[in-house]
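Which chain is which? The protein sequence lines are A and B, in order. Be aware that the first sequence starts at 12, since it is given in this note's numbering, and climbs by one per residue. Be aware that the second sequence starts at 469, since it is given in this note's numbering, and climbs by one per residue.
Because the hints were derived from the structure by calculation, they are not lab data. There could be a bad hint or two in this list.
What the hints assert, rightly or not - Partial list, computed: chain A residues near chain B (C-beta under 8 angstroms): (1) Leu54; (2) Tyr107; (3) Gln111; (4) Gly114.
By construction, the Cβ of each residue, glycine as well, lies at the ideal position given by its N, Cα and C atoms.
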Amino acid sequence: GAGVSQSPSNKVTEKGKDVELRCDPISGHTALYWYRQSLGQGLEFLIYFQGNSAPDKSGLPSDRFSAERTGGSVSTLTIQRTQQEDSAVYLCASSYYNEQFFGPGTRLTVL
Amino acid sequence: GQQLNQSPQSMFIQEGEDVSMNCTSSSIFNTWLWYKQDPGEGPVLLIALYKAGELTSNGRLTAQFGITRKDSFLNISASIPSDVGIYFCVVREGNQFYFGTGTSLTVIP
């Protein structure tokens, strides 16, 4: 079945580099969420897209983080000038009504 | 964000035992959800609760939406090794989903 996919599955980068993480939501789902999960922790909300509305960016931790969603489908989360504290698993979810469907996540390691 | 207190933080049980975990909040929510996260995967919805007092089962899982709308519990009966993972309670407020800190379950064969 066509679930939520994310790429890459793992990303190792050097401090100060920029990274792009991609999310392909389930076709027809108008809502898309990005979360960050540090080791052994719960999910921290980052950003939410709903259709053509302006995104809810209230969870982005700094201006180094940005995200866009093209054509109401694929989304890219960009982290500029990465820091070691950005190391985490970044999860994307698409939603229809009350259920969120999560991708497998991208594990980001900043050296 | 909203504060969800989930307990216990971790559990180590023998295969076949029953499990109970709960989640409380200081605010009222009209939707409570329980998710499970397997290692290396994203969370997957187990049970959704939409009505105060509602008791819902899904196989060996049973969850209840507290009458005050400020709490919920999840029970797992006759645990098996594949129940291992992290269980999250989640509440919905508008378009936002807020996750509890999770209960890590280990099942010893």
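Hint by hint, here is what the structure shows:
1. The beta carbon of Leu54 (chain A) is positioned within 8 angstroms of a beta carbon in chain B (closest approach about 4 angstroms), and the interface hint is therefore held.
2. Annotation: Tyr107 (chain A) was flagged as interfacial toward chain B, and the flag is violated, the nearest CB pair being 12 angstroms apart, outside 8 angstroms.
3. Residue-level restraint check for Gln111 (chain A) holds (minimum Cβ-Cβ distance to chain B is 6 angstroms; threshold 8 angstroms).
4. Checking Gly114 (chain A) against chain B: minimum C-beta separation of about 5 angstroms stays under 8 angstroms; hint holds.
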